[in-house]
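> Protein chains in written order, with the numbering used here: chain A, 1 to 343; chain B, 1001 to 1379.
For the record, the hints were derived by calculation from the structure and aren't laboratory data. Beta carbons are placed, not taken as given, at the ideal position from N, Cα and C, and that holds for glycine. Possibly wrong hints are sitting among the right ones.
[As the list claims (entries may be wrong)] As a list, the in silico SDA-like pairs of lysine to any residue whose alpha-carbon atoms are at most 20 Å apart: (1) A:K143 with A:V105; (2) B:K1118 with B:I1308; (3) B:K1214 with B:S1188; (4) A:K14 with B:S1349; (5) A:K14 with B:S1037; (6) B:K1333 with B:K1101; (7) A:K14 with B:P1347; (8) A:K14 with B:E1344; (9) B:K1333 with B:G1161; (10) A:K14 with A:L31; (11) B:K1243 with B:R1026; (12) B:K1101 with A:V105; (13) B:K1118 with B:G1137; (14) A:K14 with B:K1243; (15) B:K1243 with B:A1183; (16) A:K14 with B:K1101; (17) A:K243 with A:K292; (18) A:K14 with B:G1342; (19) A:K292 with A:I308; (20) B:K1118 with B:E1130; (21) A:K243 with A:T24; (22) B:K1333 with B:P1060; (23) A:K243 with A:L31; (24) A:K14 with B:D1348; (25) A:K14 with B:A1019.
[Stated by the list, open to error] Covered stretches of chain B (chain A as the covering partner; in silico rule of three or more C-beta atoms under 8 Å from a C-beta of chain A): (26) 1198-1210; (27) 1355-1368.
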Amino acid sequence: MTRAAAPIERVGLKHGAGGRAMRTLIEEIFLPLGGPVDGIGLAALDDGAAIRLGDRWLVLTTDSHVVQPIFFPGGDIGRLAVCGTVNDLAVMGATEPLGLTCAVVVEEGFPRSDLERIRDSMRQACEESGATIVTGDTKVMGKGELDGIVLNTAGVALTRRMVTDSGLRPGDRIIVTGTIGDHGMAIMTRRRDLKLEGDLRSDVAPVNGLVRAALAAGGEDVVAMKDPTRGGVASTLHEMAGKARVGILLEEAALPVNPEVRAAGEILGIDPLVVANEGKAVIGVRPASADKVLAAIREHPLGRRAAIVGTAIAQRPGNVILDTGFGKRLIAEIEGEPLPRIC
Amino acid sequence: MADPGLDELKFRDPARARALSAALAREVAAVGHEPVSVMHVCGSHEQSIARFGLRAVFPPGLQVVMGPGCPVCVTDLPEVDEAVALALAGHRVATYGDMVKVPGSARSLADAEAEGGKVDVVYSVQQAVELARTHPGEEVVFFASGFETTAVATAAVLLNGVPGNFSVLSAHKYVPPAMEVVAEMPGSHIEGFLAAGHAAAITGSAVFEPFAAKHRVPVVVAGFEPLDVLAALLKLVELIRGKRAEVANMYPRVVTREGNRPAQEKLWRVFQLVGGRWRGIAHIPDGNLRLRDEWAHLDARRRFSLDISGLHDRAPSGLAQRCICGEIMAGLKQPSDCELFGRECLPDSPVGACMVSSEGSCKIWHTYGGLPDLREVRR
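Pulled out of the complex, with its shape left as it was, chain B reads as follows:
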């Protein structure tokens, strides 16, 4: 355990939180219109907001919208289909636990496993490499999901050298271009963005500067303790009120303007940006991280001839057609707008990816009791 005192005192101090909430309410009122709409693009931010019940202290005039902050949730159906096809073709597919339950066009990896496919849950890419070492007679494919932070780990492992029977099926996603698309979306009135502190630790806060300038919206890099979130929201609303389309770093204990240069170098030596669909949202130009040509020999898409056309033999269930995960990920709706939420769709029996992943909005809201208005509740 790290020193328990410091973090809790500095970032979990209810008195400071009350002061920040009061300041936030004043600042929102001073903007001059309601609601002031801001978006975060990170499941970990929603976890913090939900875990600590912050929505009950946000001023009523502030709308904090959840954006595409869950890499598992935006993994597109054909990407899952590719992994399913590999598993059904007899290869060993290793992936993070959340990905196993995510439905593809007709099957999830869990379904593929039930049909005899080999699927292993791993907690790190290193574990997947280890599987390749302990199963030398098999092809081991790491189905890689996650944003740029996680992609760095994948890149580092490839750069260190992997066994010949190991390859990567990349579903890694790159967040900044998705912010561009969401900012331009019809029906979206987002006036400012909270950026994810851990991703910015890699990319640096400067990565958001062109975005802020182009879209005339401020971006604040935020950490994940309750005080981090409140302080970042306060800063963001201040910038909105001042009509200052700037990037502010409210997580300086972790994030710099330049970011982690060695990590960036590793990332871009292995990956390149390619356009692709984010599930339920849109085609995101430069939104997908794919292996560069130099790494073609480790790219499962190029090593195997993947045919996913046979995987549409079953129609998606009627329930799946009513799932609004995509609109939730785009910030247009929230979990409580979904008729399936907490009824047919539960963590034990998820209909959509947003109820599968621990970073999915529906799973988070379900875990922390949904979104009743608790502002008025008192002793």
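One chain only, chain A, in its complex shape:
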């Protein structure tokens, strides 16, 4: 679909929502900051950067977190901040984080007990992922100048094999490592105060262990990875299809979706495919290794509901096509996540 022609005059919430609008903002404003780099730099708009260091890659990434509410079913901003960065490193192939930074901007009057709670869940997420916070920064802003707290984390890791999000070719299979839409739907139902929480919980978790298992099983046949955060699996697949110039044919019946998420989606009129995940990876695998990689992922506690959900095809490059079981349609490239401040 063609983009609207008008240049961005002022930043809107949609420009931070992980979809087409955000990409336009980055392309128009920030991309000129990028320069030549031996590896993956800003221009690639990947989950992080990778710089060649001898026979290895130094992978680094940074992520700011503004989620509202700060504490939500299944996690909080602290857990999110650690997992977001660990996961960005992992889907570049770097599953052993060397160190994380943590910058906190907090509003005057913020309760100490909440800060401790956030610290404790960061520590918990670090333990789960094997990451360590090695440096940090603290700033305070006046009451009303900031809504509670903003957390930024950056991370570095070394890897011998780097995996981008652009390596698909026709025939490759697409694996999703578990149920989709859990994080965003948990936040949305909490924010809109829909009384249907049931077991609607964020999936926020570090996926580096699971990705390590996939890489161990698939080796060179794991050719593309991405974590489907803002904009959900749909935006992730659009990016993977666009960068690799392939089409992606997705089978709706194969997509793992929790019944609570499906129900909330029908009520809100929002497809779980466009809703954020914080503990999942989308992995492209050469067809010969797809079953082997899937089996390895399913052995991991976070991957029990992993599934092969689609296939890269030569037709319709850049498009994501949904086979509904009744017919086929394109998945529209969304402007952005339906709700701001989801992560």
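Following the hints, put chain B in place on chain A, whose structure we already have.
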């Protein structure tokens, strides 16, 4: 949640869908000419067709045309102007969310709100009545849109009694006469109609019998699950092939021949049929539902002296003049024929009403990825 098993098994069974698609292809081939053109008159049918990607399995010889199935889209400019005038005059206008963004001659209700008017989005007419109760010092006008199904809800609320500061600006529309006009339209070669199951639940399938006889075309009442749509299309093409101008009810779990008599009674106690323009399409005799004289005291058109002549102070934008929403609603064109579709005209910045309403063809196509030919796509 209702029992999740039953509906999905019965009406979302891909194997049955494949069998129906195959039968549909055989039936279309047996008609003996191509394309076989049929029309649905309901945004919910297009939603189902687009959501499930059914156009990719329709036989190439079958043309399923979208008709005037979106009440928001056929609301005429002066009707929006009336609501805008009320809001600018200081009254509180309550309406369904889609109506707020629909452009009038020069302004939408959203524009009126930006200029200081009071506009409230409500999800039901009851909520609008509640607003009147909680704002006793103000006049609350419910700008009522929707086809006969929605009009029944408006009627029921009036019959139950409303506060004195509540009134209705009716933009309710009645579908059967619009089918008459579209069937006669030059350039239209519609051989059969799919009728909306939820509207027919009120009116009964019998309401289409005179239409079928007069225009010599079959009408099939259809539900909204993918199998409902496919089974109804199959029935419709069978009737076309047999040259049988009959009404068939393929949604019997919801629709009867007589319809919902108490609902009909409520509808006609409150509303009467009046001719009027449907935006972009034509003057539709008996196409508008207006309050009967007994309800004049609750009719905003009669309670307030509405002057909309001052609302033409701005010319419609150049973009608006290129919008083909009317031709789309009349079934003469489709969204992808419009040069604005997906470019200047997007759900965030709609040019025409068809991109505003969730029942509008353009909004539906945009949401579900447009209309590329996906028949050939395979692994």
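> Would you pick out the hints that fail for this structure and give their numbers low to high?
Checked against the structure, the hints that fail are numbers 5, 6, 9, 12, 14, 17, 25 and 26, while the rest are satisfied.
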